[in-house]
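K.L.:
Those protein sequence lines, which keep their order, are chains A and B. Mapped onto the working numbering, the consecutive letters of the first sequence carry residue numbers 99 to 197. Mapped onto the working numbering, the consecutive letters of the second sequence carry residue numbers 47 to 362.
These aren't lab readings, by the way, just hints derived from the structure by calculation. Be aware that a few hints might be false.
[Unchecked claim] Subject to a maximum C-alpha distance of 20 Å in a straight line, what follows is the list of computed SDA-like cross-link-like pairs (lysine to any residue):
1) A:Lys133 - A:Leu172
2) B:Lys163 - B:Leu179
3) A:Lys177 - B:Ser207
4) A:Lys133 - B:Gly257
5) A:Lys146 - B:Arg186
6) A:Lys146 - B:Met234
7) B:Lys170 - B:Gly257
8) A:Lys146 - B:Pro185
9) A:Lys133 - A:Met181
10) A:Lys133 - B:Gly259
11) A:Lys133 - B:Ser207
12) B:Lys97 - B:His109
13) A:Lys169 - A:Glu114
14) A:Lys177 - B:Gly208
15) B:Lys232 - A:Gly148
16) B:Lys285 - A:Tyr138
17) B:Lys232 - A:Glu145
18) A:Lys146 - B:Lys232
19) A:Lys133 - B:Ile209
20) A:Lys146 - B:Ser246
21) B:Lys68 - B:Ser165
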Amino acid sequence: MSAAKEKVGDTVITRELVVSNKVGIHARPAAMFVKIASRYACDIFLEKDGEKINGKSIMGLLMLAAGPGSKLTLQVSGKDAAMAVAEIEDLFQRKFDEE
Amino acid sequence: MNRDAITVERFYTGHSARLDLKLLGGAAGLKRVIREPTVNRPGLALAGHTKYFARKRVQVMGHAEVTYLKTLRREERQQRYEMLFSYKLPCVIFCRDLAPDRDCLRAAEVKDVPILKSSLITMKFINLATLALEQLFAPRASEMGSLVDIHGVGVLIRGDSGIGKSESILALIERGYSLVADDMTKVMLVDGRDVVGTSSELTRNHMEIRGIGIVNVAAMFGAKSVRQEKRIDLVVTLKAWDEVKDVDRLGMEEAHMEILGIPLPHMTIPVRPGRDLARLIEVAALHTKLRRAGHNPARELNERLVAQMAGAKRGL
Numbered sequence: 099m100s101a102a103k104e105k106v107g108d109t110v111i112t113r114e115l116v117v118s119n120k121v122g123i124h125a126r127p128a129a130m131f132v133k134i135a136s137r138y139a140c141d142i143f144l145e146k147d148g149e150k151i152n153g154k155s156i157m158g159l160l161m162l163a164a165g166p167g168s169k170l171t172l173q174v175s176g177k178d179a180a181m182a183v184a185e186i187e188d189l190f191q192r193k194f195d196e197e
Numbered sequence: 047m048n049r050d051a052i053t054v055e056r057f058y059t060g061h062s063a064r065l066d067l068k069l070l071g072g073a074a075g076l077k078r079v080i081r082e083p084t085v086n087r088p089g090l091a092l093a094g095h096t097k098y099f100a101r102k103r104v105q106v107m108g109h110a111e112v113t114y115l116k117t118l119r120r121e122e123r124q125q126r127y128e129m130l131f132s133y134k135l136p137c138v139i140f141c142r143d144l145a146p147d148r149d150c151l152r153a154a155e156v157k158d159v160p161i162l163k164s165s166l167i168t169m170k171f172i173n174l175a176t177l178a179l180e181q182l183f184a185p186r187a188s189e190m191g192s193l194v195d196i197h198g199v200g201v202l203i204r205g206d207s208g209i210g211k212s213e214s215i216l217a218l219i220e221r222g223y224s225l226v227a228d229d230m231t232k233v234m235l236v237d238g239r240d241v242v243g244t245s246s247e248l249t250r251n252h253m254e255i256r257g258i259g260i261v262n263v264a265a266m267f268g269a270k271s272v273r274q275e276k277r278i279d280l281v282v283t284l285k286a287w288d289e290v291k292d293v294d295r296l297g298m299e300e301a302h303m304e305i306l307g308i309p310l311p312h313m314t315i316p317v318r319p320g321r322d323l324a325r326l327i328e329v330a331a332l333h334t335k336l337r338r339a340g341h342n343p344a345r346e347l348n349e350r351l352v353a354q355m356a357g358a359k360r361g362l
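With the sequences and hints as input, model every part of the structure.
P.N.:
Written out as structure tokens, the structure reads:
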């Protein structure tokens with residue numbers, strides 16, 4: 099999308115994530131995600147069915163309405179990208195500490 | 047940029063109320079794709095001229111078609127139905143509550159062509175259906191940023207998280223302006239010219255404020271504080287003071303930013319503690335409004351300056 103910031107020279111780390119908790123990304127998991135994302139300086143984007151949102155925006159995450167089983171594409175770029183990706187992947191694997 | 051195909055089902059479910067559509071048969075074909083954003087009257091095709099037949103479009107039957115079909119013998123009519131439905135049409139819609147005969151419905155069922163009807167008169171239906179289809183076909187995207195309506199100027203406010211977007215939007219709402227979308231704005235190109243923004247239905251009227259959480263703007267500030275959609279007239283990017291290297295001090299030239307291929311006026315406002323961002327955004331909006339009316343204060347001032355200097359040179 100045109101508003102997405104493209105920093106020259108930064109590699110973009112891309113990951114496919116599947117929402118595996120029972121309810122999907124409702125308010126609490128969304129807040130957990132945004133909290134983690136906001137700790138990093140890198141750009142974090144999440145995409146579902148072609149809709150791309152800023153991973154640091156709680157409204158954006160809620161808007162995705164990512165129910166259980168939905169597939170999301172994570173795109174992270176910036177100097178602390180690798181760490182952010184690891185922490186986010188861990189959050190998805192832990193099913194947002196819900197089960 | 048359209049993610050999903052425009053199916054008859056999307057057209058039907060999205061616009062059935064407005065166009066007063068009812069499905070009469072061929073439900074199995076609802077997944078058929080509409081490939082062109084307009085309608086066609088299949089009169090000529092029914093009369094046998096199929097050399098040029100706009101089969102990718104929604105087929106609209108009015109008095110002309112129905113009356114013509116009635117002049118045919120039954121076997122002939124059946125053949126025409128079969129011929130019509132052998133094409134890959136999206137669907138056939140009868141206007142004025144005209145009822146398709148049983149042969150028509152049977153032939154459509156065989157080929158899974160959805161048959162619908164509307165109570166609207168044909169002309170009215172065609173006008174509304176074309177508008178509806180144009181909307182379905184309009185290029186869309188999501189923009190990161192919040193959209194606020196300031197005195198009729200739609201301002202898309204962008205900036206990294208934590209820069210002070212929400213605070214300035216809150217201040218703008220308190221000043222009586224209306225919020226269209228917080229943080230994520232869905233944009234659509236209308237008539238190939240206007241970029242119209244709206245929020246996702248799910249998060250409409252809500253915004254997040256750090257430290258407080260999610261608030262319902264409409265409940266808190268009243269109905270006037272929200273608006274469902276607005277054309278975007280200006281893009282304002284809030285940027286940290288030291289990140290803005292080349293700030294425009296005159297505002298003589300207009301910078302642009304492209305959204306859906308349309309260049310929109312763009313201003314970058316450097317942020318520093320103590321700057322009243324809401325006031326600055328408000329002024330930026332009013333400035334845009336004046337500019338659109340043909341005023342450019344920087345240029346006008348400069349012209350006066352140049353004229354005065356020229357006068358001084360001539361010894362006046």
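K.L.:
For every hint, state whether the structure bears it out.
P.N.:
Against the structure, the hints come out as follows:
For the hint pairing A:Lys133 with A:Leu172, the CA-to-CA distance comes to about 16 Å; that is within 20 Å, so the pair holds. For a cut-off of 20 Å, the pair hint linking B:Lys163 to B:Leu179 stands: about 17 Å separates their Cα positions. At roughly 17 Å between alpha-carbon atoms, A:Lys177 and B:Ser207 fall within 20 Å of each other, so this suggested pair holds. Our distance criterion of 20 Å between C-alpha atoms is met by A:Lys133 and B:Gly257, whose separation comes to about 12 Å.
With a C-alpha separation of about 15 Å, the suggested pair A:Lys146 and B:Arg186 falls inside the 20 Å cut-off, and the hint holds. The suggested pairing of A:Lys146 with B:Met234 holds, with an alpha-carbon distance near 18 Å, which does not exceed 20 Å. Note on B:Lys170 and B:Gly257: the hinted pairing is violated, with a Cα-Cα distance of about 52 Å set against a maximum of 20 Å. Taking the CA atoms of A:Lys146 and B:Pro185, the gap is about 18 Å. The hint holds against a cut of 20 Å.
Under the criterion of a C-alpha separation no larger than 20 Å, the hint pairing A:Lys133 with A:Met181 is consistent with the structure, at around 14 Å. Of the pairs offered as hints, the one joining A:Lys133 and B:Gly259 holds, with about 13 Å between alpha carbons and a cut-off of 20 Å not exceeded. A distance of roughly 12 Å separates the Cα atoms of A:Lys133 and B:Ser207; the hinted pair therefore holds under the 20 Å criterion. Note on B:Lys97 and B:His109: the hinted pairing is violated, with a Cα-Cα distance of about 23 Å set against a maximum of 20 Å.
Note on A:Lys169 and A:Glu114: the hinted pairing holds, with a Cα-Cα distance of about 7 Å set against a maximum of 20 Å. With a C-alpha separation of about 19 Å, the suggested pairing of A:Lys177 with B:Gly208 holds against the 20 Å cut-off. Taking the CA atoms of B:Lys232 and A:Gly148, the gap is about 12 Å. The hint holds against a cut of 20 Å. Under the criterion of a C-alpha separation no larger than 20 Å, the hint pairing B:Lys285 with A:Tyr138 is consistent with the structure, at around 18 Å.
In summary, the hint linking B:Lys232 to A:Glu145 is supported, as the alpha carbons are separated by about 14 Å, within the 20 Å threshold. Using a Cα cut-off of 20 Å, the hinted pair A:Lys146 and B:Lys232 holds, with the two alpha carbons roughly 14 Å apart. Proximity of A:Lys133 to B:Ile209 is assessed by CA-CA distance (about 16 Å); at most 20 Å being required, the pair is judged to hold. A C-alpha spacing of about 14 Å is found between A:Lys146 and B:Ser246, which places the hinted pair at or below 20 Å, so the restraint holds.
Annotation: proposed proximity of B:Lys68 to B:Ser165 holds, straight-line Cα distance about 9 Å (limit 20 Å).
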